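What follows is each chain in one-letter form.
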Amino acid sequence: MTDPLSPTDELDSLCLDRRSFLRTGLGGALFLGTVSLTAGLSGCATAPAGRLGAVDTRMDARYQFQFLSADDIELLEALLPAILGSALPEQANARRIAIAGTVERIDMGIHKFGPANQKELRQLFDLLNFGLTRVTIARVWPAWRDATAEQADAFLQRWRSSSIGLFNNGYMALTKISNVAFYGHQENWQLSGYPGPPDWAVQALPQFRSA
Amino acid sequence: MSFNDRIAQGLESGWKVIDGATLTENHTAEADVVIVGTGAGGGTTAEILAKSGLSVILVEEGRLYYQKDFKMDELTSYANLYQEGMSRTTKDGAIAILQGRCVGGSTTVNWTSSFRTPDETLNYWSKRFGLDGVSPEAMAPWFDGRETRHSMAPWDTAPNLNNDILRQGCEKLGFSWQIIPRNVKGCWNLGYCGVGCPTNAKQGALMTTIPGALDNNASMYHGLRAERFVMNQDRIDSLEATAMASDGITPTSVTVTLKARHFVVAASAIGSPGLLLRSKLPDPYERVGKRSFIHPVNASVAQMPKLVDPFYGAPQSVYSDEFNFSNGVDGDAGYKLEVPPLHPAMSAGVVPGHGDEQAKNLAGLPWMQSVIALVRDGFHEDSPGGTVSLRDDGSPMLDYPVSDYLWKGLRRAFYTMAEIQFAAGADKVRLMHLDSDWYSTWADAKAAIDGFAMEPHRVRLFTAHQMGGCAMGSNPEESVVNGFGEHHHVSNLSVHDASIFPTSIGANPQLSVYALAARNSSRLAQRLKA
Chain S
160 MTDPLSPTDE LDSLCLDRRS FLRTGLGGAL FLGTVSLTAG LSGCATAPAG
210 RLGAVDTRMD ARYQFQFLSA DDIELLEALL PAILGSALPE QANARRIAIA
260 GTVERIDMGI HKFGPANQKE LRQLFDLLNF GLTRVTIARV WPAWRDATAE
310 QADAFLQRWR SSSIGLFNNG YMALTKISNV AFYGHQENWQ LSGYPGPPDW
360 AVQALPQFRS A
Chain W
-6 MSFNDRIAQG LESGWKVIDG ATLTENHTAE ADVVIVGTGA GGGTTAEILA
44 KSGLSVILVE EGRLYYQKDF KMDELTSYAN LYQEGMSRTT KDGAIAILQG
94 RCVGGSTTVN WTSSFRTPDE TLNYWSKRFG LDGVSPEAMA PWFDGRETRH
144 SMAPWDTAPN LNNDILRQGC EKLGFSWQII PRNVKGCWNL GYCGVGCPTN
194 AKQGALMTTI PGALDNNASM YHGLRAERFV MNQDRIDSLE ATAMASDGIT
244 PTSVTVTLKA RHFVVAASAI GSPGLLLRSK LPDPYERVGK RSFIHPVNAS
294 VAQMPKLVDP FYGAPQSVYS DEFNFSNGVD GDAGYKLEVP PLHPAMSAGV
344 VPGHGDEQAK NLAGLPWMQS VIALVRDGFH EDSPGGTVSL RDDGSPMLDY
394 PVSDYLWKGL RRAFYTMAEI QFAAGADKVR LMHLDSDWYS TWADAKAAID
444 GFAMEPHRVR LFTAHQMGGC AMGSNPEESV VNGFGEHHHV SNLSVHDASI
494 FPTSIGANPQ LSVYALAARN SSRLAQRLKA
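Residue numbers (my numbering), protein chains in the order written: chain S, 160 to 370; chain W, -6 to 523.
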């Protein structure tokens, strides 16, 4: 490595002026790009998590992550209770399974988003995962694994009500991928009173009959 | 289980259909005409040219999905059948873009609304862009022909309640409303048009022109991405294409070279300008990708006293044009009023929110009704449209700044939609805006809309209709193709999709695409056979 600049110095100088800097989408995109790059240089885990141990992560050990890194998974595990609220089951084990399944479906969905939107999400996740920007931009003090649902909710509210479009966009991206992956899943259809495809049609159509 | 549908039978009978994911070696193929895209434009072109006896190769970036795959499931359909797994947006992320990416293109996932291009639009095109050949009289036989080919007729079953509430509200307020013509044959009235018709009732390209072309010896590659044209002097020599893996999104190392006498681009209003830009085709006035239109859509949801079950029944059957041309063709922004189907994932993506509040919003889905407004863009100097350009990786993206002119129209549409829902008996109404609450009276909603900041992201915006970017016109300084879709500068290239529209349509565009593609393909067939 020949880079003499400390990533921290570079980020500090950017953060000083972050409000005006983030006002334009272009500035925002450049800033997020810088974070992604420095996050990579400073060894943040941005590689897909691949197959995680079931005990460690409460995930289905057979699921192979294609996009989400171990850090992203921690972030989503912290955000999902705030995003899904009372729609999540209260019973601890059922709750863990519901969150884990939603994280996996988010990963499957993002895989199909293709490279361009994956790059945008990578920048968003890196900004939220990188300690310095988590504190200065998202204004969340604890690491995500230690953040409470109240802290996660306060973060979401800040980005939702912000006058900076880039933060509104980040709020929509996080809540949309989570809400779609959660409410769109068959096991959760009852939460929106959706009975599923009409039974008579399912009975009558060839694609629902097994070979 | 054996399938008796049109596609399964055709594949069995030996149609020339090649899945890019199965290719292991580079190869070259040749035909009279190579067509990029299998949607409304590409399918129509392929069938007409193949039936005239020309050899045809179709190229589709998405994959072939048909009845066996259409299981009325949102998540798998959005992931597989839509551009960028349903995550496509404009450059700044402020407008969600719903667009098909599969054999049949958007006609495989559209909600079947089948409108002729409004006379006002055609007359405006004739006058403003020197397009004498697209007058309502000249186009009438082409609309007739396509209405027959795609079994289009006003929906003769009772509208579902979601749509009927739009009718009721319009009736109460004295606004005009009409029944929507749909392209269906033996429709079961299920409500799953947007995730791939499970019964093959929808007469999109997948059930009509694509089988018609393949029956007439056309070949079709799917899972094959058109990368760029290679020019030889003023003509295109070949198309270079990349095979995609079976996930539909990962390119493999296999390249296919396609040679032809003539090339037709029908890759959508985002894909077609993208391909032309990647190919660096002659564009002396820099018109490619300019004047892109989207019918910007905003929405309102209502909580009704009666069960609506907005997930069941023909998704669109009632519309109102009360405000579409009421200020003239080129006055203040007009908008068409329609209704969207609401399934759980779609609703969870459209209604913004999180936490207990969002859980409550979605728990009310069976009583939810929604109205959408499609703003007619491109008819006014303050509505110049967006721009398609290329990302570093060569993929196309649409930048669409929303002008003050459009924001004014969108605000008026918010008022209209809320007023209609209250008139139809809504208990509560919520506008799709980050600052909107649920309002219990029309007066409260009106006061709130007065104060809405009309800004990107805060107003939730959508588009299901991408148009323009390779505009037709008589003047090469302000257009890419002539009135027959023929490229102004490349003699063996035509464009046959919604990208040739010089403005938006003012109605769901599938029939406009079918009709112009049919007209331009019939002419092309004569030209190539001469």
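No wet-lab data here; the hints were simulated from the structure.
For clarity, every value in this text was computed on a predicted model and none was experimentally measured.
Glycine is no exception: its CB is placed at the ideal position from the N, C-alpha and C atoms.
Please note: incorrect hints may appear among the correct ones.
[As the list claims (entries may be wrong)] Label-pair ranges, simulated between beta-carbon atoms:
(1) Ile323(S) - Lys439(W): 23 to 33 Å
(2) Glu130(W) - Ser322(S): 31 to 41 Å
(3) Asp443(W) - Trp359(S): 31 to 41 Å
(4) Arg516(W) - Pro365(S): 35 to 45 Å
Checked hints:
1. Ile323(S) - Lys439(W): 23 to 33 Å: Cβ of Ile323(S) to Cβ of Lys439(W): about 28 Å, so the range 23 to 33 Å holds.
2. Glu130(W) - Ser322(S): 31 to 41 Å: Cβ of Glu130(W) to Cβ of Ser322(S): about 52 Å, so the range 31 to 41 Å is violated.
3. Asp443(W) - Trp359(S): 31 to 41 Å: Hint violated: Cβ distance 47 Å, outside 31 to 41 Å.
4. Arg516(W) - Pro365(S): 35 to 45 Å: Distance hint for Arg516(W), Pro365(S) holds at roughly 41 Å.
Violated hints for the displayed structure, listed by number in ascending order: 2, 3.
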